[in-house]
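Here is what each chain is made of, one letter per residue.
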Amino acid sequence: MIHPVSINLLIAYAATWVIHIGYLLFLSAKAKKLREEARELGTIK
Amino acid sequence: MKFKIFAVITFLLLSYALYQGMWAAPREQTMGEIQRIFYYHVPSAWTSFLCFLANFIASVVYLARRNLKADAFAVSTAEVGVVFCTVVLVTGPLWARPVWGIWWTWDARLTTTLVLWLIYVSYLILRRYSTGQATPTLAAALAIFGFLDVPIVHMSIRWWRTQHPQPVIAGGQGSGLDPHMWTAVLWNWVAFMAFAALLIWVRYRLEIVRQQLDEAHALKAVGQAEGSFTR
Numbered sequence: 001m002i003h004p005v006s007i008n009l010l011i012a013y014a015a016t017w018v019i020h021i022g023y024l025l026f027l028s029a030k031a032k033k034l035r036e037e038a039r040e041l042g043t044i045k
Numbered sequence: 001m002k003f004k005i006f007a008v009i010t011f012l013l014l015s016y017a018l019y020q021g022m023w024a025a026p027r028e029q030t031m032g033e034i035q036r037i038f039y040y041h042v043p044s045a046w047t048s049f050l051c052f053l054a055n056f057i058a059s060v061v062y063l064a065r066r067n068l069k070a071d072a073f074a075v076s077t078a079e080v081g082v083v084f085c086t087v088v089l090v091t092g093p094l095w096a097r098p099v100w101g102i103w104w105t106w107d108a109r110l111t112t113t114l115v116l117w118l119i120y121v122s123y124l125i126l127r128r129y130s131t132g133q134a135t136p137t138l139a140a141a142l143a144i145f146g147f148l149d150v151p152i153v154h155m156s157i158r159w160w161r162t163q164h165p166q167p168v169i170a171g172g173q174g175s176g177l178d179p180h181m182w183t184a185v186l187w188n189w190v191a192f193m194a195f196a197a198l199l200i201w202v203r204y205r206l207e208i209v210r211q212q213l214d215e216a217h218a219l220k221a222v223g224q225a226e227g228s229f230t231r
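Protein chains in written order, with our numbering: chain A, 1 to 45; chain B, 1 to 231.
Treat the hints with care, since some could be wrong.
Calculated cross-link-like contacts (lysine to any residue; reagent style SDA-like; alpha-carbon spacing at most 20 Å) [unchecked claim]:
1) B:69 <-> B:201
2) A:30 <-> A:14
3) B:220 <-> A:20
4) A:32 <-> B:204
5) A:30 <-> B:42
6) B:220 <-> A:34
7) B:220 <-> A:39
8) A:30 <-> B:89
9) B:220 <-> A:35
10) A:30 <-> B:183
11) A:30 <-> B:198
12) B:220 <-> B:202
A partial selection of chain A residues facing chain B, derived with a Cβ cut-off under 10 Å [to be verified]:
13) 15
14) 23
15) 25
16) 35
17) 38
Hint data in this document are derived by calculation from the structure and do not stem from the laboratory.
Please read all numbers here as calculations on a predicted model, not as lab measurements.
By construction, the Cβ of each residue, glycine as well, lies at the ideal position given by its N, Cα and C atoms.
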């Protein structure tokens with residue numbers, strides 16, 4: 001059985017990376033949206 | 001190419017920092033394994049403070065020179081700072097529950113950190129939803145006043161008696177860390193700083209593209225208006 005203290009440690013490490021990866025996904029979605037907008041305007045090919 | 005090299009270096013640094021925090025650093029005598037949260041919690045806090053400092057400097061530069069690159073840098077550093085501050089606010093209670101027996105208490109350090117997070121979230125909301133040319137100016141003014149909370153957060157455990165642990169750096173007699181723990185803290189800080197720089201780099205480039213698109217939209221609107229006048 002995993003000690004509850006170790007569970008909190010693992011959750012903390014996992015939560016840190018969920019937050020960072022979540023932000024990377026947000027940036028990726030933002031980049032995609034800006035690319036589409038640029039294509040519509042014809043500013044970036 | 002430079003970006004890819006930097007991304008690989010950052011990944012290697014983060015992997016080595018994980019090894020340092022989880023395995024190489026000695027087990028703390030009183031708290032045991034849960035103390036290892038410290039290696040993510042503290043470097044994330046320091047990184048967020050530096051992001052907010054960069055945001056403060058960029059905001060001052062924007063107000064002084066109306067430089068759009070400074071404005072792009074300001075929004076990038078604020079956003080990344082909020083991400084790291086969120087990590088601090090999530091990992092702190094996960095450490096506190098087994099050590100203190102409670103998830104949260106309204107002591108000076110915790111409250112001022114929450115206020116700091118709220119200030120920069122409001123900064124980002126202002127930037128996201130406010131329209132008009134005055135938005136960067138208003139945001140820069142908010143950022144300058146908002147940064148005042150950073151030294152208050154830093155000094156809170158020195159100025160007031162708090163539930164939060166006392167400082168390990170320059171905390172007076174009886175404070176300090178085992179040298180092996182210091183090594184783990186510093187590796188994690190370097191790795192998170194590199195990761196923050198990488199995120200700021202990406203976010204800054206996106207903001208520059210957004211500024212160019214705003215300009216293109218404005219030119220198109222002017223062109224259409226002129227066309228309607230000449231008809």
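Now for the hints, and whether the structure bears them out:
1. B:69 <-> B:201: Since the Cα atoms of residue 69 of chain B and residue 201 of chain B sit roughly 12 Å apart, the hinted pair holds (cutoff 20 Å).
2. A:30 <-> A:14: Distance ~24 Å between residue 30 of chain A and residue 14 of chain A Cα, so the pair is violated.
3. B:220 <-> A:20: Not satisfied, since the Cα-Cα distance of roughly 37 Å exceeds 20 Å.
4. A:32 <-> B:204: holds, 15 Å
5. A:30 <-> B:42: violated, 29 Å
6. B:220 <-> A:34: Holds. Residue 220 of chain B to residue 34 of chain A sits at ~17 Å (cutoff 20 Å).
7. B:220 <-> A:39: Answer holds: residue 220 of chain B to residue 39 of chain A is near 14 Å, not above 20 Å.
8. A:30 <-> B:89: Roughly 25 Å separates the two Cα atoms, so the pair is violated.
9. B:220 <-> A:35: Holds, at about 18 Å.
10. A:30 <-> B:183: Violated: residue 30 of chain A and residue 183 of chain B sit about 37 Å apart, past 20 Å.
11. A:30 <-> B:198: Roughly 16 Å between the alpha carbons, so the hint for residue 30 of chain A and residue 198 of chain B holds.
12. B:220 <-> B:202: violated, 27 Å
13. 15: Holds: closest Cβ of chain B sits about 5 Å from residue 15 of chain A, inside 10 Å.
14. 23: With a closest approach of 5 Å, the residue 23 of chain A hint holds.
15. 25: Check failed: Cβ of residue 25 of chain A comes no nearer than 12 Å to chain B, outside 10 Å.
16. 35: holds, 8 Å
17. 38: Hint on residue 38 of chain A: holds, closest Cβ of chain B at ~6 Å, below 10 Å.
Going down the numbered hints, you'll see the structure goes against 2, 3, 5, 8, 10, 12, 15, while the others check out.
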